[in-house]
Amino acid sequence: MAVVDEQAQALMHTAFSPIVRESGDISAGVFDIDGNMLAQAVTGTPGHINTMAESVKHFLEVIPRKTMRPGDTFMTNDPWLGSGHLNDFVLVQPCFQRRKLVGLVSCTSHLIDLGGLGMGPDGSDVYDEGLLIPPMRLVEGGEINQTLMALIKSNSRTPFQNEGDIYALIACCEVAHKRLREMMSEFGIVSLSEVGAYIYAVSRAASEAAINTAPAGTYSNRMMIDGYDFEIELAASLTLGNGEITVDFNGSSSCSKFGINVPLNYATAYSVFGLRCIFAPEVPNNAGALAPFRVTAPLGCIVNAPRPVPVAQRHIIGQLLPDVVLGCLRRALPGKIPAEGSSCMYDLPLRGGFDATSSENATRFAVELTHNGGTGARPGKDGLSVTAFPSGVYGSQVEVTESTAPLLLRRRELRTDSGGAGRFRGGLGQIIEIESREGQPFDLFGTVDRVKYPARGCFGGLDGARGQLALASGRRLKGKGKQQIPAGETLVFQTPGGGGYGDPRKRKPQLVAQDYAAGLISKRALKRDYGVMLKSDGSVDLAATRRQRKS
Amino acid sequence: MNNKGQNRIAVDIGGTFTDIALDSGTSLYTAKTLTTRDDPVRGVVEVVRIACQNAACNPQDIGSVIHGTTLATNALIERKGARVGLITTEGFRDIVEIAYERRYDQYDIFIDKPDLLVTREDCWTVPERIDANGNVLRALDTGKLNRLLTAIDRRGVTSIAICLLHSYLNPTHERMLRDLIQSRRPQLSITLSSEVCPEIREFDRACTALANAYIKPLMANYLQDLSLALEAEGIEAPLFIVTSGGGMTTLETATRFPIRLVESGPSGGAVLAARIARECNIDSALSFDMGGTTAKLCLIDHGAPQRSRQFEIGRAARFVKGSGLPVRIPVVEMIEIGAGGGSVARVDSLQRLAVGPDSAGSDPGPASYGRGGELPTVTDADVVLGYIDPATFAEGRVKLRPRAASAAIRSGIGKALKLGANQCAYGISQMVDESMSNAARVHAVEHGKEISARTMIAFGGNGPLHATRVAQKLGVSRVIVPRDPGVGSAIGFLSAPISYEIIRSLYMRGENFDTDAVARLFAEMEAEGRRVVQAGAAGAKLEERRLAFMRYQGQGHEIEIPLPEGRLGTGLGKEIRKRFDALYQQQYGRTVPNVDVEIINWAFVAATPGPRLRKVTLPGRKQKARPANRRKIYWGQQRKTLNVPCYQRASLQPGHSIIGPALIIEAQTTTLLGPEFDAVVDRAGNLVLTARKTGGRKYA
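Protein chains in written order, with numbering that gives the first Met the number 0: chain A, 0 to 550; chain B, 0 to 699.
Worth flagging that the hints you see were computed from the coordinates, not collected in a lab.
Heads up, the beta-carbon is just placed ideally off N, CA and C, and yes, glycines get one too.
Hints may be right or wrong, so weigh each one.
Claimed, not checked - Cβ-Cβ distance ranges computed for the label pairs, FRET-style:
no., chain 1, residue 1, chain 2, residue 2, range
1, B, 150, A, 509, 36 to 42 Å
2, A, 546, B, 133, 52 to 58 Å
3, A, 181, B, 637, 26 to 32 Å
4, B, 566, A, 181, 46 to 52 Å
5, A, 307, B, 557, 37 to 43 Å
6, B, 584, A, 212, 53 to 59 Å
7, B, 150, A, 546, 30 to 36 Å
8, B, 391, A, 98, 55 to 61 Å
9, B, 584, A, 358, 53 to 59 Å
Said to hold, decoys possible - Stretch by stretch, here's where chain B covers chain A in the computed footprint (C-beta under 8 Å, at least three residues):
no., region
10, 158-166
11, 516-522
Taking the hints into account, I'd like the entire structure generated from these sequences.
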């Protein structure tokens, strides 16, 4: 047993990759010959990792094992087989030992542009969204398929970056592949079946044991979100028992006309990620750990989008799913489930200088700034202000933004009162004020939710503040779609706050006073939401607070 | 001895021990004493006296004192610094709180954000604005400065960091603000982000400035106390402080930028390992420095330690990346984990044996020290296993008590696991060796490097004791244990150059390369760098390097490109591009066509020349060394007690060979030669340990 355990440890270390790019990490994993994920790098986003866990099986269905040769690498960006939209490329490389296929390595990353309408939600089907490559050979016997590479480059606005990124993905596979071979020869093993079975069994048992600590039953939850062409209801029913959890999204709204639809593989990735945060999060992510979780949804529902509906912005709803799924368990698992959070990224794709209305000396630019709101309050702890969850993206730095685009930020600060009041307070959102340094108009491509419907508080906790997009002069903007910021105007971009947990009038008055002193809540919220009264020196007036809280 | 000026001493304060090396020009004297946590100066004075006595050296005859310390690191990790405040540009109060908007652990929804030293109430803003080209958009408005100063007073803040947007390009507002505040509050300690870290990215710059501000008052006091104490001992020699980059700097610079002293001790170890690698002609090495509190591992290629320009202090949860305080300073890149002689062993809730990262330190220390420690540690395990001779530990200055060690192991571990002391001790040493080898593997893979083909260079109080065990786990087949390995870092200090490195951001694309701007930038950096180095080495001829950190547009990783020597004139942009393409081709096998390059940072390094090297070889004739006595040790892999020969290192001569298993004992440490290793002494007195070809698995 100990030897296998050591092999398992070593195998997990093979899944590290040294290649990281500015725009996001690469996810990488090691698989057995049946496409079961044995190990995975602890980098990357849940959307990439958990879809990759399934996509290697899709490759094996299309490309029979016996046709695989040493030096081959396969690739796809099919949203339904890969990672939910065309921009994510999945590569798979078979690993041979003594001419026998012993395993596969895979990696996933985001490519900038594949033609079509780009990454916006405005395509009417997936064909509008760009070039789709079915699972096929990218490298054959060590030689790159130049025809395929030429096609990818000629169908993109950023051909050379795509080429560089694909080379980086190949290199990533090769690093994992080499380590796997070294690890096998170090241990003198010619097959991964024993160590694979061990990893699978141990991880699955740990996941099941964690699930079994929760009361069996069926639990449900509903959450309203903004949507694009219509408001969307996300409905989930979760059945827990016998060491398994099944989530069914039956009852959720049907597909949108716009590219905010989610293929089931991607919906599954984020739903299961949410559950893994609760059930044995310390167990490494692999096929065994993931096995007890199942996600279903009727075809045509917004989280089981059928071909060829548009899916470019599938992450908006995908990232909101952990809130829906975990909401099912809030009463069944007291003290374990946080309130709803901002959850979907607050991306800020901006473009300027291309428009006919901008003047000749306007600098052309296109940037995608990534920002976030607050997370939901947690049982026993406040939410985290301005923190990505469930995604793991990096927020942009002001100095870098201003150095790469003709933009000027006037403000980037925590948004007072945006965290849902509660015994435990929701994390705060932020307020960003941004304008053209050249006094030119520029375009905003809205890709955010939670503008109409906030992150809800729970057990008496109040909702977090809604997101808000507006011009400094007052006009409100929509959360989704292309809109222009006129010359001389400032865009005011406010990210949502997380929901509160528990009755705010039960929050320790000293903590409320501290929040007030730090400027996290206003004087109004102090009294209205928390019922706390202060003395003139800023300390808590306990008697007055007691009276106020009773009223 | 009265060869005045020839005597150089190097003192290294670690978490558990304070080490000294005295180089008289002809001989080396070393000593070790327990670190005095309450007043570290006391330990330094003590060890200096011991060394001077051993060397029969008059304090007046000491020519220079070189000092490295973990004090700066400890103050940051243990949160014992000053109450700090931060002043930023109006509209950007939350640079530190917002950070990168990221969680460091993907699955743990109950994490806390890293503690970044300052609360929101102690963050203030001033109206002013400089744009991304360094132009003033809004002049510094000091109208409300009095109100700000009152707030600072009221909050009890004693040290201020100032980080204004784009100050790396134009520091005038930061300087004006400092001068104004200093004139009205002369007692406030002030750190400017544009001085401590003139690089783009406001979060990193603010954190670096804050960390500097946090330890500045404390380090200023300490350095002053130390130099006064040394003077009182009759030492009149100049005091140099070792930096995290592996160079030395003057007391004045160390006092201004104490953040550059973080990890100064470990960097000395890397300097030593790099020197040994060059002398022994080892192209790729792994430096393994295991002390009382932590183990430090560093990759050394072509005779130079791997370097980095950033570092993270005090990682919270399980040393996870992103859970600490990021600072941008030139550092020797290494991985440091909580695995040392004092690392505490325990049985966790799942009945698993766990070791570290917490340490018993020097006070109370391991149970076997008999200073009140009751928890079992790695050293206690090594004592129980018989690897350490209790009588000779730390030259007899610390009397070890084997009974206390085995009692602590039995009650702390044995009871819960229902195992005997030997088995538990073996388990503890397996765990700590496994966590060190894991750290080494992960570190190497994260940097795209191999590990098993490397030669390990092992030192530190516990390094030689664990070296062959860790080497075996890593598949490393050769280990070098230098002379006086127990005080390796201090010896490393003796070969550190006086140096200074400045990094500044000036964003530039290949297509709009501005040679004049680059030349102006370097003129400033060169003036500053030379001034700092010459303050400690008047008249010395300096080795200088100019670097550009560049990448293809949009990439995440920059390559270091050396700039041509001499005047920076026309054609510089083309020349840099040519060098970049060549190096990129060399590293990645191909260049990326049709993509412009971008340069993010520029660096200037000035240093005094390093020590002259001797080439070290193995003697042709070998001869078996003679053991002094034998000791019983427990060898867990074979589950049996072995009666192994013990050798006195001091009596070994070049050419002497030893067949493992054996113990090689010297004043400050013991080398454990595992049963799979043989040793031979090279011409410089290094022990060269080589794995016998045993075949089969490397991971037994």
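Hint by hint, here is what the structure shows:
At about 21 Å, the beta-carbon gap between residue 150 of chain B and residue 509 of chain A misses the expected band of 36 to 42 Å. Between residue 546 of chain A and residue 133 of chain B, the C-beta spacing of about 56 Å keeps the proposed range 52 to 58 Å intact. Remark: the range hint 26 to 32 Å for residue 181 of chain A to residue 637 of chain B is upheld by a beta-carbon distance near 27 Å. For residue 566 of chain B and residue 181 of chain A, the hinted distance range of 46 to 52 Å is satisfied, since their beta carbons lie about 49 Å from each other.
Range check, residue 307 of chain A to residue 557 of chain B: about 41 Å between beta-carbon atoms, so the 37 to 43 Å window is met. Taking the beta carbon of each, residue 584 of chain B and residue 212 of chain A are about 56 Å apart, inside 53 to 59 Å as hinted. Remark: the range hint 30 to 36 Å for residue 150 of chain B to residue 546 of chain A is upheld by a beta-carbon distance near 32 Å. At roughly 57 Å, the beta carbons of residue 391 of chain B and residue 98 of chain A sit within the given window of 55 to 61 Å.
Between residue 584 of chain B and residue 358 of chain A the Cβ separation comes to about 42 Å, which falls outside the hinted range of 53 to 59 Å. Counting residues of the region 158-166 of chain A whose C-beta sits closer than 8 Å to any C-beta of chain B gives 5, which meets the bar of three, so the coverage hint holds. Beta-carbon proximity to chain B at under 8 Å applies to 4 residues in the region 516-522 of chain A; the threshold of 3 is reached and the given coverage holds.
In this structure, the hints that do not hold are numbers 1 and 9, in rising order.
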